[in-house]
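> Spelled out, the chains give:
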Amino acid sequence: MLEGILIGLSTALSLTNILMVIGGVLIGTFIGMLPGLGPMSIIAIMIPVAISIGDPSAALILLAGVYYGAIFGGSTSSILLNAPGVAGTVATAFDGYPMARAGKAGKALTIAAISSFAGGTIGAILLMIFAPMLSSVALLFHSAEYFALMVVGLSAIAAFAGTGQVAKAILMTLLGLIMATVGEGALYNLPRFTMGLMDLQSGFSFITLAMAMFALPEALFLVMHPMRVNTGGNSGKITDLRITRAEAKAIAPVIARQSLQGFFIGVLPGAGATIASFLGYAVERNIAPKHEQDEFGKGSIKGLAAPETANNAACTGSFVPLLTLGIPGSGTTAILLGALIALNVSPGPRLMIDNPQVFWSVIISMYIGNLVLLVLNLPLIPYIAKILAIPRTFLIPFILFFTLMGAYIGQNNATELLILVGMGVAATVLRFADYPLAPLLIGFILGRMLEDNFARSMQLYDGIGFVVERPMTMGLLAIALLLVLLPSYRAYRARVRARGVADGD
Amino acid sequence: MALDRWIALIILGIALAYGYAAYFTMDAGLPPFMQRNPIWPSTFPKVLSVLAILTALVILLGLEKAPENPKEPDIDYRRLGDYKIGQAAALLGLMVAYAVLLRPAGFLLSTGGFLIIGASVLGERRYLVLIPVAALATGIIWYLVQVVLGIFLRPWPFFLG
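For the protein sequence lines, the chains are A and B, in the order given. Under numbering that gives the first Met the number 0, the residue at position 462 of the first sequence is numbered 461, and the numbers go up by one with no gaps. Under numbering that gives the first Met the number 0, the residue at position 76 of the second sequence is numbered 75, and the numbers go up by one with no gaps.
No lab work stands behind these hints: they were computed from the structure. These numbers were taken from a predicted model, which means no experiment stands behind them. Beta carbons: idealized from backbone N, C-alpha and C, even for Gly. Some hints here could point you the wrong way.
Label-pair ranges, simulated between beta-carbon atoms [unchecked claim]:
#1 A:Ile-124 - B:Ala-27: 53 to 63 Å
#2 B:Phe-151 - A:Leu-18: 29 to 39 Å
#3 A:Ala-255 - B:Val-99: 51 to 61 Å
For the chain B half of the interface with chain A, some residues (derived, Cβ under 7 Å), not all of them [claimed, not checked]:
#4 Gly-18
#5 Phe-43
#6 Gly-117
Listed below are the simulated DSSO-like cross-link pairs for lysine-lysine, each with C-alpha atoms no more than 30 Å apart in a straight line [to be verified]:
#7 B:Lys-83 - A:Lys-385
#8 A:Lys-289 - A:Lys-248
#9 A:Lys-248 - A:Lys-385
#10 A:Lys-297 - A:Lys-248
#11 A:Lys-385 - A:Lys-289
#12 B:Lys-45 - A:Lys-297
Please build the complete structure, drawing on both the sequences and the hints.
This is the structure:
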């Protein structure tokens, strides 16, 4: 291994490759800030550039830099505008945006940068240690377990989505799953629930839905209630960028736990950064002490650090199946796989033997990429956060325009914009009635994968038998049921107790 | 009836229609070879519709009690008139107009118009600042999307090519 690290160092530390990392991270950060362009599309756009470089190590280093930069850029728009452009940063907006609204945008961005750095770096160390071992564990996970794992994820989200009304959160999750079934599934090639509309043939687009659920209602609320933002006043100058000692102490264990958890979730093919960030948020919320639990969703630093750490660690983790098995664990790594094959490198168990310089230089460049990300972004934070100081008469039309653009660029279809406005109005009404919107979006994101894995296990076991025959699946499903029932039971107990006390008086 | 229960009623309607489609109309066109499959395209929707109907009923019938001390909502929909609802509606109308005009009027005109009219609706009157800013932003974004990213956006109205 030591020999490998040395090979990697000598490759990654050449001048061209360092420039590649810096360039990639910069491009990724700036394009990633535009809502609507996630890492997947940015990497796809950069592939022609990477291939024209010719050297596989340099190309992969460039693309990995773009990947990290894009994820950090996505967090910035989540925190500042509540407009997550990437599924993996939806959870970042839960606490990052309330912090920005409270005038702590600078601090939120600093925490995001530091957690991303820590998650990415720890992930890279783990990748180095576990890459060979984990590839065999990941193979034990079957589609039945993936299905069960996603059910656990969804019920965890529904149970902890806030507001204390589990039924509403579950209903929103189900609505998201229902919306995910619209369109043509890969499994059957039959259009479902399109109501004969051509525009629904490929289903609702994720970007449109994300914009409609988060950015649009937020912008409308800003219009209707001008007092909501305290821009102009105190966030014009970004004070307290620094994290206090007490805050650092509070988030350190979160970062440690989530780097590990995020990495291992990222290793599982198909799970990836999105599930890692949501699960990380849910876990941290659940194990936090009671008084801190109420902070979540209102600008808790732990709630911001958890998904940020987890999604970066998971991005690193998702390289494990790619580099060791040649199986891409996510859409983004699938595109990377395409780029590698175009460069005449075939990832797989023999990559470490045949092309050790590629394998190790990618890992070393992950450290460099994370370091560059931190060094570049910390000084830029005051300028990035200045976005909030723009007068609202300018800011709101621009936010609305970016939501429209995000939905349009992805599909190149003007009908998509009408769908966006319609769903945005519906989402605003749902917010009036205190229905949580995050579960809907998560249900929608996981819906396809959930159904595909469910269908695959049904086919393999010729029926629903897999639930009984695979103890791991059964166990995971039991946990899911418990997660849904527990909060209702707890609320019921609390009510009974409260009533009992009142009677006693 | 409170707004959240009205919404539950609407979702119940959607779930019933969805369930009806899944149970009674979807399988009619299923080719025979697919019918031997343990899973049909309608299997998953069937499960979802049942769960959604049950959950919507739980909310509609008020089986789950609301928290004892509801927190202050961001916006109280019962006093909707107190807010600037007119501006919000105008902006939504503007977005619809943008969606319809984007193709025929071209990107530069419709985007510039959207930004300028949007800001004026919100009360911006410094047109000497607004118009150059909007024009500059439109130009930069068009350049980025069209030239750097290579995604086609028709810049001018249809009769100019």
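> Does each hint fit the structure? Answer for all of them.
Results of checking the hints against the structure:
Between Ile-124 of chain A and Ala-27 of chain B the beta carbon distance is about 56 Å. The supplied range of 53 to 63 Å therefore holds. Restraint check, Phe-151 of chain B to Leu-18 of chain A: a C-beta distance of roughly 31 Å satisfies the suggested window 29 to 39 Å. As the Cβ distance of Ala-255 of chain A to Val-99 of chain B is approximately 52 Å, the hint placing it in 51 to 61 Å holds. Taken as an interface hint, Gly-18 of chain B does not check out: its beta carbon lies about 10 Å from the nearest beta carbon of chain A, beyond 7 Å.
For Phe-43 of chain B, the suggested interface contact is upheld, since its CB lies about 5 Å from the closest CB of chain A, less than 7 Å. For Gly-117 of chain B, the interface hint holds, since its Cβ comes within 7 Å of a Cβ in chain A; the closest pair sits about 3 Å apart. In summary, the hint linking Lys-83 of chain B to Lys-385 of chain A is supported, as the alpha carbons are separated by about 26 Å, within the 30 Å threshold. Restraint check for Lys-289 of chain A and Lys-248 of chain A: satisfied, since their Cα atoms lie roughly 18 Å apart, inside the 30 Å limit.
Proposed proximity of Lys-248 of chain A and Lys-385 of chain A is supported: the alpha carbons are some 28 Å apart, at most 30 Å. With a C-alpha separation of about 20 Å, the suggested pairing of Lys-297 of chain A with Lys-248 of chain A holds against the 30 Å cut-off. A C-alpha spacing of about 34 Å is found between Lys-385 of chain A and Lys-289 of chain A, which places the hinted pair above 30 Å, so the restraint is violated. Between Lys-45 of chain B and Lys-297 of chain A the CA atoms are separated by roughly 37 Å; this puts the pair beyond 30 Å, and the hint is violated.
When held up to the earlier numbered hints, the structure conflicts with 4, 11 and 12 and fits the remainder.
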